[in-house]
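J.: Residues per chain, in single letters:
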Amino acid sequence: MFSLDLLRDAVVLGLLLGCFYAAVSVGLSISFGLLDVPQVAHPAFLVLASYGVYLCNDWYDIDPLLAGLLISPLFFVIGLITYRLYYETFERRGSDAAVRGIAFFFGVAFIIEVLIILQFGVDQRSVSAAYIGKAWRLGDLRIPMRQLVAFAVALALTISLATYLSKTFMGRAIRAVAQDEEGLRLMGANPVRVKQFAFGIATAVLGIAGALLIIVAPVDPTLDRVYIGRTFCVVVMAGLGSITGTLAAALILGVAESIVLTMFGASWAPAISFALLLGVLAVRPQGLLGR
Amino acid sequence: MNRRNVFGLGIAITMLGFAWGASAEEAPIKIGMSMPQTGALAGGGKASLLGIEIWRDDVNAKGGLLGRKVQLVVYDDKSSPAETPAIYAKLLDVDKVDLVFAPYGTVPTAPVLPLVKQRGLLLMGNFSFQVNSKVHHDMWFNNAPWGPADSWATGFLTLGKKAGGKTMALLSADQEFAQNLATTARAVAKKLDLPIVFDQAYPPSTAEFSSIIRGLNAAKPDIIFVASYPPDSAAILRAVNEIGVGDNVKIFGGAMVGLQFAAVMESMGSLLNGVVNYNTWLPEPSMHFDGTKEFFEKYTKRAVEAKVDPLGYYIAPYGYAMGQMIEQAVQATKSLDHKALAKYLRENEHKTIVGTIAYAEDGEWKESATLEAQFRGIKDKNIDQFRSSGKQVILFPEKLKTGDLVTPFEAARK
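Going down the list, the protein sequences come from chains D and E.
Per this note's numbering, numbering of the first sequence is gapless, rising by one per residue and ending at 291.
Per this note's numbering, numbering of the second sequence is gapless, rising by one per residue and ending at 414.
Treat the hints as calculated values from the structure; they're not laboratory data.
On a predicted model such as this, the values are computed, not experimentally measured, just so you know.
A hint or two may mislead.
Unchecked claim - With beta-carbon atoms standing in for the labels, derived distance ranges: (1) Asp58(D) with Ser286(E): 28 to 38 Å; (2) Ser267(D) with Val135(E): 25 to 35 Å; (3) Met170(D) with Lys90(E): 50 to 60 Å; (4) Arg175(D) with Val304(E): 44 to 54 Å; (5) Gln119(D) with Leu92(E): 27 to 37 Å; (6) Lys307(E) with Glu182(D): 48 to 58 Å; (7) Thr89(D) with Arg302(E): 38 to 48 Å.
To be verified - Partner residues are not named here, just some residues of chain D that face chain E (Cβ under 8 Å, in silico): (8) Ser3; (9) Asp9; (10) Leu13; (11) Lys134; (12) Pro144; (13) Val216; (14) Pro218; (15) Asp220; (16) Val226; (17) Leu261; (18) Thr262; (19) Gly265; (20) Ala266; (21) Ser267; (22) Ala269; (23) Gln286.
For each residue, glycine too, the CB sits at the ideal point set by N, CA and C.
Isolated chain D, as found in the complex (with noise of 0.2 Å):
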């Protein structure tokens, strides 16, 4: 059926939608569209953050979202480490490294769900927030006060980061050795050590995004395989490393799945994140903002 009201809802909730895929998919951006890393482990970093979130909320009462920003910290010292290993290991040993890479992120994500198998067992786990479980009445439009929670946390994470990637020093730096590695280091700069940092700054993101992931919906520790195709078509189609894009891709997706959703049938909402990226790529192949 057809109807404006609906139609109208469908998109409002879809932009919430969108915004909240921008924030779980930015740091992938960051990793694996600026630096080139095949970082299937991604959504399982992104799985861990939620289940640290938790524990915090768990036991000492924290805001789910203070939580979040409580425990990037420590996610900037896994990236920092995990990169480290990835290098020493893959990368700076020849030329198939994106290959081998993949098998040991596939590696990383594997330990870190069992990890988390045996420390959470399998149960759902969710936090408790004043937000979470109540509406917002627009009329007669309700939306979830989660979803909009998230909505403008990935609004001014997105935001933050595009604008630290370009008027910082470092931000310059970390887009320069995506474009010319060599170059950098002609220019006396240790591409390895900015590369490191980068991959530090997107695995800390993934303490906010954990947050909202569980903000927005129970998490179980295999959560990471609905997330792993979302996030990458969501990378690609924005363009390689653009961070803007990803926001624009992300928007895009929410909104065309929640109106396949609301008024097509539920059975195609998952062809639509691919559909889209082949209709982006085959009529921009840099994706939509790429150079």
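Since the structure of chain D is provided, determine the placement of chain E on it from the hints.
T.: Positioned in the frame of chain D, the structure of chain E alone reads:
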């Protein structure tokens, strides 16, 4: 014979005695199974295994079966149907197990059934749904209270119709188990003359349900039947709480897997109020049989250490009951012959901690004991409240009923 020879002979006789004693201690009866310990079905798999282990310890404490101890040989199938055929081939050909139990769940069991049928073996099913409907194995006995295929939908939709429902919506996971249920729900709806005004199957990767619930509301159904899997049930319920379903809805729920597990119930808390959902065992007065209380005393102690569902109502007592049925069959036939055991299981009633069980021709329970119960007066963050009666009032079937439906759904939620 000198003194040294006498000493040597003494040692030899002693050693022979030890060897004789060792051979007199017969090898254990091996029961093999795969069980999901990781993956989507692990929550139920772990609880089921604990129930079976408690039975094993109880039966071994009584001296075992046929004078032999019972030993379980268990492998993790990772909730994957791709793993189970190889595991069961190994159990039968390498581990040489005497009997086999099926893994928890429909999907991992489906590829095992043709294998055991080909070999002419008895298989005790473990909460599968209609896996034998096409295979027609005559030595399959499903350890689950479902009974006839349409029992889930019949209970729920009959309650909805009695409450004044005239139309229904069907929301189901796009996955075999939920789709089997959806098929029976459509057939029952037709029989009860309930037009289906919304019928959607959502993919397992669906992250957010607000849009689907909004679309469902637009169809204005009186009855909402949901057949969902654990990761989705909580998300659906949350979306329903935020978006609402309208005052016309008489009854909501039906077949939401996950709302039987303690962790989900605790985290959902008051959001559960009003939902009518299926279950298999609940701490209501009509559900206590011989040994039930003792089983849960043991389970509650061991669940903490095993990091499994602390309540264990949904599946753990059925794991124990599965052992009880095999125990009764082996004791009665004094044999491990699969055909003799199958004949006994088919022709007799079996008293277990979940009630008296009798099997129909297709290996399902003759009579359904699938409960439809309504959550009432649930508070947030309190797991112990679910140990009391009155929190999940049984509405169906009639013989186990402990209360009446509170309707409409929006009123029941308050």
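J.: Checking each numbered hint in turn, tell me which of them this model violates, lowest number first.
T.: 23
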